[in-house]
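**Q** Letter by letter, the chains look like this.
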Amino acid sequence: MSPLHIRPIARRRFVQGLAIGGAVAGFAPALLARSAPVSPAELSGTEFDLEIAELPVNFTGKRRIATAVNGSVPAPVLRLREGDTVTLRVRNGLKEMSSIHWHGIIVPAEMDGVPGISFAGIAPGETFTYRFEVRQSGTYWYHAHTLAEQTGLYGAIIVEPKQVPTARAPDRDYCIVLSDWSDEPPLQIFLNLKKQSSYYNFAQPTAGDFLKDVGTMGLGKALERRRMWNSSRMNPTDYSDVSAATYTYLMNGAPPAGNWTGIAAPGERVRLRFVGAGTATFFDVRIPGVELTVVSTDGQPVEPVTVEEFRIGPGETYDVEFTMPEGGARTIFAQAIDRSGYARGTIAPAPGMAAAVPPLDARTWLEPVDMMGAMATMGAMGGDAHAGHGMTEMPARARHARTEYGANTDMRVDYPRTNLDDPGAGLRGRGWRVLTLADLRTPGGDPDPREPERDIELHLTGNMERFIWSLDGIKLNDSRPLHFKPNERLRVTFVNDTMMAHPMHLHGMWSDVEGPDGAFQVRKHTVVVQPAQRVSFRVTADAMGRWAFHCHLLYHMAAGMFREVVVA
Amino acid sequence: MIRIFPSRGIALGAALFLAPAITAPALAQDASPPSPAATPAQTATPAQHTPSAQGSQDHAGMDMPGMDMTDTKASGNGATMDMGSMQGGKAPPDARNSDDYADGYRNSTLPGYEMADKLSIPKILVDELEFASGNEGQGVGWTVLVTKGQDNDKLWLRSQGLKNSRDQRLDPESSVEALWWHSKNPFWGTLLGVRQDLGKGATTWLAAGVEGLAPYWFDVQLTGYVGTDGRLAARAKASYEVLFTNRLILTPQVETNIYSKRSSDRQLGSGFSNVELSGRLRYEVSRKFAPYIGFVWERAFDGTADFRRLRREGPSEHRLVIGLRAWW
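First to last, the protein sequences are chains V and B. Taken in order, the first sequence gives residues 10 to 577; the numbers are from our numbering. Taken in order, the second sequence gives residues 1327 to 1654; the numbers are from our numbering.
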């Protein structure tokens, strides 16, 4: 453990929710009858009728109104088949405009479901008919491209491959949709953050922490430890904008006390399809005592890699497989990146079983590498260079935009780190194997072997104090679009100038992530860029029209961390 | 004052008194990257190198005068790195122009476009609303800030005051201001507007100032005034937040007022008129609702003190306060 790790602190117990959270009795009486929540209903075929409507729910003991699809939160699992042309008639039963975006599915621009860019949204009472050919397989998801994503409008999509895979299908196959529920309306959360960005952060360093540090490391080192953060007005506990102070974390719509349960007998092969449907939450997922083989990310197969824990950002999906061990139930544990709470479920041979739930990890501070990038690893890292090993050459200097020198950008990283083998703050030095971006490799090499013809460098920028988020210091409504030429192969290079990780999602086209050496590595639709990190990916601009390109943390997107892309 | 600052464990007493002194260098530093500003914590902490994981913090290259750079150069493979500031500064001539990627295209004009980054957000902060009891009697005090606008341009309505219940007299610093707040810097904004005094002998002033967050989390407001009666004035405020817990928060604050000429109507002398030191300890029942108790010590100088003596009051005043901080 790095000396930067701080001691466990007493923390407020977060709301574990109700054992039978979800739709309020009376509206869905069937819910009361069952002992444990089950996965949302599954719909399959080529024709779908989806109705977006309000649904009274009770996850925390307080009755609230959620946004449901066909009366379900999460929305039903859609099972599609590669090669089919599907028709999805979506009726908006809300009093406000709504939309559904098919996240990661390659569709024509007008079918992409982003209000203002793909179409004008679905007006109240109206039905929009989405129709597209499914040209891929794997695990994807769908969600509102409005603040209603926070209130429950999200669900998993499974696309069956056209050709039956030669490998044996798993015995058990479950979607695990991880999300964050708040009793506060999303607009209220956004306004709270705009008025006080630390509104939900109850883990800020205290005078007591300082005195403890003085006791353990002496006054000089205790001051030294704080100097970088305080001199630059940065908060070393900025993991999440929104915490368990308002969130109850859900697994397939069940709060922790509801204990979503999947069934698997010992020896059975199990596939879990994790969907990062958190609007403001990264989850760190593990099943204690079980090794997880990651076989796919963002719907795309990867060379299998076995880990004990992985981090999933909003927008991402990961398929993991394992053989159900002997010895009864196992806990699926998904703690929020800020360690303020967790989602939890169980995989067990029979319903009604449960295993021990691990304690939340102690909260740690971000490390210098999360602010300084490569600069932190160039200096004396001692033997503790797990976050930046392999850094022997002088890193390339970032090229800042002139718009990064104004009020919207509180910090710039001149020398970002380029290594992808860092599991991220809070997961370093774990003592067990944690997935990193460097572990993810698409078999078969670059799907488009053309070398990129040009580079677009974009910096992820923010002003944490004022909760302003932007790209190159420019908010969406002050920006101009990125122009991609039809069918060109280009490289997008992100430099994260902030201290938070951002899951960046390009609609309509794949993001083919490059390794630090510039070679193709893995195909993604949502690329997590860690603090002070540089990540490049290749794009084949084969999708004509206008597309959204944004941070998938909902409140960052709302605050302006969003660009339009025009392929024309 | 406006937000919650994490306590950074600075030697508080010294830092509080030095807070106004660091303001000017702090501003300069925001404007020009390598400016070596002296700050309290730096004087308190001799620059030292710790060859540990934290040691890398030494190479932050920002706001760290006196740091030993030689080791960085050595471990940086002999390469010379520009350790320029990560904050503030001016764009170099060859900086990218992000609009170049657009090739002349404009954003979509379809209805339903995401507009949340342009919200004009109203906020009412009742920073202090308190009952005061001290050596000059009892009274009611307030500090209120109402803001409305987009991210970098807002209307500010700012008011502070103290009314003594004994003679219904308002403290001479009681005023209300209407200001345009504009920001070109991530931590600082400029203020331009008018101030209207409240109570006997009230003057109207043109107001110009800066406010913001100085390094080490000091909240600072500096305003200069030109009165319609020809007087000049200045008011400086600085505060800090000490988090005993994430809900139990102590806010030490210092305020001083300066006037160019005396005003017998207002009973203010020229020069340094007064200094007020206070500490308010609040408990945030929620972020938006926090009762507090506090102590205020204030001293008048020179002419202002003379006016007080004429009223058979002492030049210094202290009071216990109990009040409420709330915002919405």
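If you are wondering where the hints come from, they were derived from the structure by calculation, not from laboratory data. Predicted, not measured: the structure shown is a model, and the values here were computed from it. It is possible that part of the hints are untrue.
As a list, the in silico EDC-like pairs of lysine to aspartate or glutamate whose alpha-carbon atoms are at most 16 Å apart [stated by the list, open to error]:
1) 203/V x 1555/B
2) 171/V x 93/V
3) 1510/B x 93/V
4) 1526/B x 1479/B
5) 1614/B x 193/V
6) 494/V x 1479/B
7) 1510/B x 487/V
Taking CB as the label site, the calculated pair distances span [to be verified]:
8) 487/V x 1450/B: 49 to 59 Å
9) 1574/B x 224/V: 18 to 28 Å
10) 92/V x 1571/B: 26 to 36 Å
Residues on chain B that point at chain V, a partial pick, calculated with CB under 10 Å [as the list claims (entries may be wrong)]:
11) 1413
12) 1414
13) 1427
14) 1429
15) 1438
16) 1440
17) 1441
18) 1506
19) 1526
20) 1527
21) 1530
22) 1627
Glycine included, every Cβ here is placed at the ideal spot set by N, Cα and C.
**Q** What are the numbers of the hints the structure violates, in ascending order?
**A** 1, 3, 4, 6, 8, 10, 18, 19, 20, 21 and 22
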